Amino acid sequence: MGKIPDLIFYQTLPVLKNEKIADKFFILSLQTAEMARGAFPGQFAMLKPERSSVLLGRPYSVYKREGDILSFLYKIYGKGSRELSRVKSGEKINIWGPLGKGFQETSLREWAFVAGGVGVAPFLFLAQEAPKNISMTLYFGIKNKDQAILQKEFEDLNCKVIFVTEDGSYGEKGWVTDAVKKFLDQKLKTQNSKLIPIELFTCGPRLMEKAVAQLAQEYHLRCQVAFEEYMGCGLGTCMGCVVKCHNGKEGQYERVCREGPVFMADHIVWE
Amino acid sequence: MNLSVELGRLKLKNPVTVASGTFGYGEEFSQLIDLNELGGIFVKGLTLKPKKGNPPQRIVETPSGMLNSIGLQNVGVEAFIQKKIPFLKKYNTAILANINGVTVEEYEEIAERLNAIPEVAALEINLSCPNVKEGGIHFGTNPDKVYEVTSRVRKKFSRAVLTKLSPHVTDIVAMAEAVRSAGADAVSVINTLIGMAFDIDRRKPVLKSITGGLSGPAIKPVALRLVYEIHSKVNIPILGMGGISTAEDAVEFILAGSTAISIGTANFYDPLAAVKILKGLKDYMKKFGFKNINELKLK
Ligand SMILES: Cc1cc2nc3c(=O)[nH]c(=O)nc-3n(C[C@H](O)[C@H](O)[C@H](O)COP(=O)(O)OP(=O)(O)OC[C@H]3O[C@@H](n4cnc5c(N)ncnc54)[C@H](O)[C@@H]3O)c2cc1C
Ligand SMILES: Cc1cc2nc3c(=O)[nH]c(=O)nc-3n(C[C@H](O)[C@H](O)[C@H](O)COP(=O)(O)O)c2cc1C
Ligand code: FES
Chain A
0 MGKIPDLIFY QTLPVLKNEK IADKFFILSL QTAEMARGAF PGQFAMLKPE
50 RSSVLLGRPY SVYKREGDIL SFLYKIYGKG SRELSRVKSG EKINIWGPLG
100 KGFQETSLRE WAFVAGGVGV APFLFLAQEA PKNISMTLYF GIKNKDQAIL
150 QKEFEDLNCK VIFVTEDGSY GEKGWVTDAV KKFLDQKLKT QNSKLIPIEL
200 FTCGPRLMEK AVAQLAQEYH LRCQVAFEEY MGCGLGTCMG CVVKCHNGKE
250 GQYERVCREG PVFMADHIVW E
Chain B
0 MNLSVELGRL KLKNPVTVAS GTFGYGEEFS QLIDLNELGG IFVKGLTLKP
50 KKGNPPQRIV ETPSGMLNSI GLQNVGVEAF IQKKIPFLKK YNTAILANIN
100 GVTVEEYEEI AERLNAIPEV AALEINLSCP NVKEGGIHFG TNPDKVYEVT
150 SRVRKKFSRA VLTKLSPHVT DIVAMAEAVR SAGADAVSVI NTLIGMAFDI
200 DRRKPVLKSI TGGLSGPAIK PVALRLVYEI HSKVNIPILG MGGISTAEDA
250 VEFILAGSTA ISIGTANFYD PLAAVKILKG LKDYMKKFGF KNINELKLK
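Here the protein sequences come in this chain order: A and B.
With the first letter of the first sequence counted as 1, position 260 gets the number 259 in numbering that gives the first Met the number 0; the numbers rise by one all the way through.
With the first letter of the second sequence counted as 1, position 295 gets the number 294 in numbering that gives the first Met the number 0; the numbers rise by one all the way through.
None of these hints come from the bench; they were simulated from the model.
Possibly wrong hints are sitting among the right ones.
Simulated pairs of lysine to aspartate or glutamate, EDC-like, Cα-Cα distance not exceeding 20 Å [unchecked claim]:
(1) B:K48 to A:E249
(2) B:K82 to A:E227
(3) B:K51 to A:E253
(4) A:K78 to B:D198
(5) B:K154 to B:E104
(6) B:K48 to A:E253
(7) B:K50 to A:D5
(8) B:K275 to A:D166
(9) B:K89 to A:D5
(10) B:K207 to A:D5
(11) A:K74 to B:D200
Here are some chain B residues the structure puts well away from chain A; computed CB gaps all over 12 Å [as the list claims (entries may be wrong)]:
(12) G25
(13) R57
(14) N234
Output of the computed footprint for chain B on chain A, the stretches with three or more beta carbons under 8 Å from beta carbons of chain B [what the hints assert, rightly or not]:
(15) 31-41
(16) 54-68
(17) 109-119
(18) 128-141
All of these numbers come straight from a predicted model, not from anything done at the bench.
Just so it is clear, CB atoms sit at the ideal spot from N, CA and C, and this is done for glycine as well.
Isolated chain B (complex conformation):
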């Protein structure tokens, strides 16, 4: 059975990856699952300098999902290289760095720094974080900015580059087209949807930052539609995500046009989710006689 997939220059031994911000830098999960099973690990969003993040309360459960406003708390790119890479590189899984900046120059600088670290197989440019005041989603909702950031990171990084899109746009095809023409290897679809929740006892928003990113099963139909639309209109490989919790969900994303998938929120409520989904995908292929995962995608 062939499970290996290619997102442009990025070769993964299987299509199951874990989404940025839901798996830390792998250390905690290594206590529960064998990281060697994963196609790749998207680490927590990195910034040039360490970032403190937003004040709590940062998360809350909502119907079939959750809201988060972490504010990109992370160790910073230097500590990632010094302290986290040595751990991650012990495993036979792709190390994938999610990068964040306030300015285009910051994205470039992080890309340049990580280009020197051969263990980092790909960059995922996060142009869609809804929880920081600058950068993030402000770049991601403007196709010219998407093009600019992607092409400038592309020039600084010699291995694979993915750009992660926000669902908060009227024309997702224009965004994906901008990513493609900027020379990226793939698009990651989708980041969280912006939402909110109120505490009716305190009569205030639950989250200290008022709004947060909605993730989990609640967003799955929206994500599938966006993957499908890009797949139908733009010639670029897709890393699909948004609410995947079972192998059946993963199959849906592949059918919609994803070459590979990411498991996000499901890692929180079922720490074995990624491993179970990989096994379920294999069972599905066996059941329907597929020899190669790439045959599954609708043409």
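Isolated chain A (complex conformation):
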């Protein structure tokens, strides 16, 4: 985990399945032994339908691996994702990947995933690949009941799921970070040490990720952030996808597609 892939592939593949699982949420799967073999959690691929009116590929995290089959969970935002959602089984798609460094190894045995919306995508693959003795909880911030997806998928992998909605219409009420904070405070009460042996992982809207990073700092936790930035190539050549990082005196722009997309929260300069 956590290194730049040795092997990157470019393939044109027929879509196996492209299914709507909730309003605006889809899962697309492709059969690719080559990419499936090398992929690890936190990595992504660039997708572009063979017949497409957009120019650039769009980055999507690997959501699931089943043998030779890789799946992607995506949400419709704009033109590219809408077009993707219209691709039918058997129609072809160009894909290049696996890309980026995935999640890093950790010696901690308790993991908390903090996801906002479609940011949940990389955590299913991470849960699939987690060693047996890891205790996992997903804190899943959603808009409403309709987005309460994937509970069974995570539970089947022994990952507990806690849904959080802002208005309390489903699961816990408030911000997803409130739920995590509550849990951390409880932990502190039941133990003597001030150090909580938990690794945080987060993926979702920028503001949520920033709030999780602050929480991690406050509670002295390790925190891995799957970061998103507008991408051109996904390969590390356009320098378009950068994020400011603590590196040297003045900081430095690092490529989300190559040095990331997973960064330690305290490495990012949160602006």
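Please arrange chain B with the ligands on chain A, whose structure you already have, making use of the hints.
Same frame as chain A, but now just chain B with the ligands:
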């Protein structure tokens, strides 16, 4: 079939090169394509010192193209020599260095430094970067400056020198003529067009730097016209680029008067573009019975 071309002193084994800023220093693409197939690689624009670049958001897709405002983030000429050349020189392809300065002296200094590195087959003087506050396009829109920078770099570098022109001029012929009379081997045409895009939800420009360089298929007709005009009026070899994504596009650029071509933005949305275009060019020549790529150009 003869595919080799000459841009003055610069000999390329085939006319397909990749454009500066769209191919990094070759390392990433070597994981996907065989760099030995390429006529040459124009590396990311180099400056004397490493450059941090502009704050994000740096790019956005626009109709049939994209805007970028990278701000020349690069490792600097020294790290290029120490860390990137050793990798690139393993391949049988020309190493072509795109150079950038804020002052004429900076261009000279980089040229002098790279003159000592025999693996660097040519310099491409970037007088057309729209995304930095100084140097770049400010030199490129004034024929006297174009002449001055080109001739002073020419004196410091013994191998081929190309000057890359901006499309943002009223008289491209005057610029190309300045490059020719300064003793350069060729002109690179074109760099990006300046453009912008707004985010109507945030009611702000999409790019943090407000404007950016437009590239991709959207600019192809503009680039073709500029290549054609230079070819008709100035006696200097042309490296043509701007929106090339297929072999057919490449043929158009050759017909307009380019001796060689560069693939830019297409590398981003089709990492195999350069290799496919080279193959397509060969197929085209076979189909129409051309034995030598140089016969293709309109006289
Ligand atoms: C490493 C990474 C992994 C991602 N994983 C997933 C995932 O698993 N599931 C998912 O639904 N989404 C994921 N995204 C976000 C997804 O790439 C964007 O939602 C998608 O590109 C939107 O394209 P569009 O044409 O539909 O929208 P547009 O109309 O182009 O834009 C809508 C929004 O998407 C952003 N966006 C557009 N194009 C890109 C691009 N090329 N790269 C990044 N952001 C872009 C824009 O900034 C804008 O906010 C990921 C992004 C990154 C960087
Ligand atoms: C992301 C990006 C970065 C670029 N960086 C440079 C650069 O450093 N130096 C340079 O001379 N041109 C640079 N260019 C311009 C290209 O080399 C090329 O001239 C231009 O993009 C037109 O070709 P295209 O439409 O095929 O991309 C850059 C273009 C893009 C899209
Ligand atoms: S998307 Fe091009 S460098 Fe990251």
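Against the structure, the hints:
Between K48 of chain B and E249 of chain A the alpha-carbon distance is near 15 Å, which keeps this suggested pair within the 20 Å criterion. At most 20 Å may separate the alpha-carbon atoms for a hinted pair to count; K82 of chain B and E227 of chain A exceed this at roughly 29 Å. A threshold of 20 Å between alpha carbons decides the hint, and for K51 of chain B with E253 of chain A the separation of about 10 Å falls inside it, so the pair holds. At most 20 Å may separate the alpha-carbon atoms for a hinted pair to count; K78 of chain A and D198 of chain B meet this at roughly 14 Å.
Taking the CA atoms of K154 of chain B and E104 of chain B, the gap is about 12 Å. The hint holds against a cut of 20 Å. In summary, the hint linking K48 of chain B to E253 of chain A is supported, as the alpha carbons are separated by about 17 Å, within the 20 Å threshold. Annotation: proposed proximity of K50 of chain B to D5 of chain A is violated, straight-line Cα distance about 28 Å (limit 20 Å). Using a Cα cut-off of 20 Å, the hinted pair K275 of chain B and D166 of chain A is violated, with the two alpha carbons roughly 53 Å apart.
Restraint check for K89 of chain B and D5 of chain A: satisfied, since their Cα atoms lie roughly 18 Å apart, inside the 20 Å limit. For the hint linking K207 of chain B to D5 of chain A, the alpha-carbon distance of about 33 Å lies beyond 20 Å, and the restraint is violated. The hinted pair formed by K74 of chain A and D200 of chain B meets the criterion: a straight-line CA distance of about 19 Å does not exceed 20 Å. With a cut of 12 Å on Cβ distances, G25 of chain B falls inside the contact zone with chain A, its closest approach being about 9 Å.
A cut-off of 12 Å between C-beta atoms contradicts the statement that R57 of chain B is not in contact with chain A; the least separation is 5 Å. At the 12 Å boundary, the C-beta of N234 of chain B stays outside the reach of chain A, the nearest C-beta of that chain being 35 Å off. Only residues whose beta carbon comes within less than 8 Å of a beta carbon in chain B count, and the region 31-41 of chain A has 0; fewer than three means the coverage is violated. Only when three residues or more bring their CB closer than 8 Å to a CB of chain B does the claim for the region 54-68 of chain A stand; here the count is 3, and the claim holds.
With 0 residues carrying a beta carbon less than 8 Å from a beta carbon of chain B, the region 109-119 of chain A misses the three-residue requirement, and the given coverage is violated. Counting residues of the region 128-141 of chain A whose C-beta sits closer than 8 Å to any C-beta of chain B gives 0, which falls short of three, so the coverage hint is violated.
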